[in-house]
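Peer 1: What follows is each chain in one-letter form.
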Amino acid sequence: GQQLNQSPQSMFIQEGEDVSMNCTSSSIFNTWLWYKQDPGEGPVLLIALYKAGELTSNGRLTAQFGITRKDSFLNISASIPSDVGIYFCAGQQRDNFNKFYFGSGTKLNVKP
Amino acid sequence: DSGVTQTPKHLITATGQRVTLRCSPRSGDLSVYWYQQSLDQGLQFLIQYYNGEERAKGNILERFSAQQFPDLHSELNLSSLELGDSALYFCASSVWGATDTQYFGPGTRLTVL
Numbered sequence: 002g003q004q005l006n007q008s009p010q011s012m013f014i015q016e017g018e019d020v021s022m023n024c025t026s027s028s029i030f031n032t033w034l035w036y037k038q039d040p041g042e043g044p045v046l047l048i049a050l051y052k053a054g055e056l057t058s059n060g061r062l063t064a065q066f067g068i069t070r071k072d073s074f075l076n077i078s079a080s081i082p083s084d085v086g087i088y089f090c091a092g093q094q095r096d097n098f099n100k101f102y103f104g105s106g107t108k109l110n111v112k113p
Numbered sequence: 022d023s024g025v026t027q028t029p030k031h032l033i034t035a036t037g038q039r040v041t042l043r044c045s046p047r048s049g050d051l052s053v054y055w056y057q058q059s060l061d062q063g064l065q066f067l068i069q070y071y072n073g074e075e076r077a078k079g080n081i082l083e084r085f086s087a088q089q090f091p092d093l094h095s096e097l098n099l100s101s102l103e104l105g106d107s108a109l110y111f112c113a114s115s116v117w118g119a120t121d122t123q124y125f126g127p128g129t130r131l132t133v134l
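In the order they appear, the protein sequences are chains A and C.
Residues in the first sequence are numbered from 2 upward in steps of one, following our numbering.
Residues in the second sequence are numbered from 22 upward in steps of one, following our numbering.
A portion of the hints provided could be inaccurate.
[As the list claims (entries may be wrong)] Simulated pairs of lysine to aspartate or glutamate, EDC-like, Cα-Cα distance not exceeding 20 Å:
1) A:LYS100 x C:GLU74
2) C:LYS30 x A:GLU18
3) A:LYS108 x A:ASP84
4) A:LYS100 x C:ASP50
5) C:LYS30 x C:GLU96
6) C:LYS30 x A:GLU16
7) A:LYS108 x C:ASP61
8) A:LYS112 x A:GLU55
9) A:LYS37 x C:ASP61
10) A:LYS37 x C:ASP22
11) A:LYS100 x C:GLU75
12) A:LYS37 x A:GLU16
13) C:LYS78 x A:ASP39
Worth flagging that the hints you see were computed from the coordinates, not collected in a lab.
On a predicted model such as this, the values are computed, not experimentally measured, just so you know.
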């Protein structure tokens, strides 16, 4: 089946540092999505990307839709303690029953 | 608030029992997806519906079934429950477009004792 390779699996950083994580696939996607999940809660959509090469920001978060349509990255600048959580990438394929495929997540820990 | 609602928030039951989880999609969304997330695991896709019809199945056990009703709400039925079925169950909805975005509900935490 389709797989999204998300890295890194976990990160331990100091407050104020910048963070970068990415997702790659062997398949092409129509949409790339980035979510944040807090423990016991549902994933919350952070950024949606719909076009190859698109660069979108949401506050301190910036994400890009790779030109090949097979990858995406998420950057968080000047991290703060409330950034702690698990970040998931997801890719959508319209041709394949409109399925969404998820990465395994990046667990972010921020030390004050 | 994503606009996707799920009930109940928590469910505690015994092995062998049957439960029903309910989901209402965002207004205007025609497609509903169900996911299972066990402790410290990723999201496992279970099943997908579009406008009342099943469209895709993932790793859904035969003991589990789902349906989407004419008003577009969906129910996930879990029967003959086992300890290993304890997990968070999420519903998500989307419009079903060429480019699409999926929004998640708050989840139902199922505990099987």
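Peer 1: Compare the structure with each hint and give your call.
Peer 2: Hints, one by one, checked against the model:
Proximity of LYS100 of chain A to GLU74 of chain C is assessed by CA-CA distance (about 15 Å); at most 20 Å being required, the pair is judged to hold. Of the supplied pair hints, the one linking LYS30 of chain C and GLU18 of chain A is violated, its CA atoms being roughly 36 Å apart against a limit of 20 Å. Of the supplied pair hints, the one linking LYS108 of chain A and ASP84 of chain A holds, its CA atoms being roughly 10 Å apart against a limit of 20 Å. Distance check on the hinted pair: LYS100 of chain A and ASP50 of chain C sit about 15 Å apart at the alpha-carbon level, within 20 Å; holds.
The straight-line distance between the Cα atoms of LYS30 of chain C and GLU96 of chain C is roughly 14 Å, inside the 20 Å bound, and the hint therefore holds. For the given pair, LYS30 of chain C sits about 33 Å from GLU16 of chain A by alpha-carbon distance, which is inconsistent with the 20 Å threshold. A distance of roughly 10 Å separates the Cα atoms of LYS108 of chain A and ASP61 of chain C; the hinted pair therefore holds under the 20 Å criterion. Taking the CA atoms of LYS112 of chain A and GLU55 of chain A, the gap is near 31 Å; set against the 20 Å cutoff, the hint is violated.
The suggested pairing of LYS37 of chain A with ASP61 of chain C holds, with an alpha-carbon distance near 14 Å, which does not exceed 20 Å. At most 20 Å may separate the alpha-carbon atoms for a hinted pair to count; LYS37 of chain A and ASP22 of chain C meet this at roughly 14 Å. Distance restraint check for LYS100 of chain A and GLU75 of chain C: the Cα-Cα separation of roughly 13 Å lies within the 20 Å cut-off, and the hinted pair is therefore satisfied. For a cut-off of 20 Å, the pair hint linking LYS37 of chain A to GLU16 of chain A stands: about 18 Å separates their Cα positions.
At most 20 Å may separate the alpha-carbon atoms for a hinted pair to count; LYS78 of chain C and ASP39 of chain A exceed this at roughly 27 Å.
When each numbered hint is compared with the structure, violations occur for hints 2, 6, 8, 13.
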